[in-house]
Amino acid sequence: NAGVTQTPKFQVLKTGQSMTLQCAQDMNHEYMSWYRQDPGMGLRLIHYSVGAGITDQGEVPNGYNVSRSTTEDFPLRLLSAAPSQTSVYFCASSSPPRGAYEQYFGPGTRLTVT
Amino acid sequence: DAKTTQPPSMDCAEGRAANLPCNHSTISGNEYVYWYRQIHSQGPQYIIHGLKNNETNEMASLIITEDRKSSTLILPHATLRDTAVYYCIVRVPSYGGGADGLTFGKGTHLIIQP
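Protein chains in written order, with my numbering: chain S, 1 to 114; chain A, 1001 to 1114.
Extracted from the complex, chain S is given alone in its bound form (with noise of 0.2 Å):
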């Protein structure tokens, strides 16, 4: 199993631009989050999906769309990059029951909006 994919690893935005970040994972677990990581803030859920073709917002949607069409992609989509969302982002994957506690998180990738 490569258990949780992220791509790209880096990326250099402008502000405006759009960009969709990927993540795969391959242990066909239902649930799937993307979380971003920003120095002193700690971890913060974007948006959740519980299943293929449902989502939902976490804390801080804002600026981000996603869409869950098949239970092994869950794709983070930025609509017009600006630099607060210059953060490390993580990608997550869990499945019941022992998704109640243990999340799987992918390597992250790491976004610079100039």
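Check the hints yourself; a few may be wrong.
[Stated by the list, open to error] As a list, the in silico EDC-like pairs of lysine to aspartate or glutamate whose alpha-carbon atoms are at most 20 Å apart:
no. : chain 1 : residue 1 : chain 2 : residue 2
1   : S       : 9         : S       : 72
2   : A       : 1003      : S       : 59
3   : A       : 1052      : A       : 1066
4   : A       : 1106      : S       : 59
5   : A       : 1003      : A       : 1031
6   : S       : 9         : S       : 26
7   : A       : 1106      : A       : 1011
8   : A       : 1052      : S       : 102
9   : A       : 1052      : A       : 1031
10  : A       : 1106      : A       : 1082
11  : A       : 1106      : S       : 38
12  : A       : 1003      : A       : 1067
Bear in mind the hints are in silico, worked out from the structure with no lab data behind them.
For clarity, every value in this text was computed on a predicted model and none was experimentally measured.
Given the coordinates of chain S, assemble chain A onto it according to the supplied hints.
Positioned in the frame of chain S, the structure of chain A alone reads:
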């Protein structure tokens, strides 16, 4: 989620046991204690969790005091690869999936010395 308090940093000699404390004096009866770690530039990794009994798995042991107001994560034979930031989280298990998300505080930076 109950608030947790961890020392900002700790050192431990390679091969010795690393004992990481966590205070959670406002923990409620249905909240579990979880531990995750994050090795530099990687995604967070689940370590262990518990409610009130001591727990052990292949990675670590978790000792929770009888009043549940504090706990200790024990890495029995620390190696250089255990150098990471360790996060203690107290929360009700999210059986709905990623809806609540994981909230990491500042954690403890554990440095294993050769």
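Verification of the hints:
1. S:9 x S:72: At roughly 19 Å apart (the allowed maximum being 20 Å), residue 72 of chain S and residue 9 of chain S satisfy the hint.
2. A:1003 x S:59: 18 Å, holds
3. A:1052 x A:1066: Distance of about 7 Å is within 20 Å: holds.
4. A:1106 x S:59: 18 Å, holds
5. A:1003 x A:1031: 11 Å, holds
6. S:9 x S:26: 19 Å, holds
7. A:1106 x A:1011: 17 Å, holds
8. A:1052 x S:102: With Cα atoms ~18 Å apart, residue 1052 of chain A and residue 102 of chain S stay inside 20 Å; holds.
9. A:1052 x A:1031: 10 Å, holds
10. A:1106 x A:1082: 17 Å, holds
11. A:1106 x S:38: 11 Å, holds
12. A:1003 x A:1067: 16 Å, holds
Checked against the numbered hints above, the structure breaks none of them.
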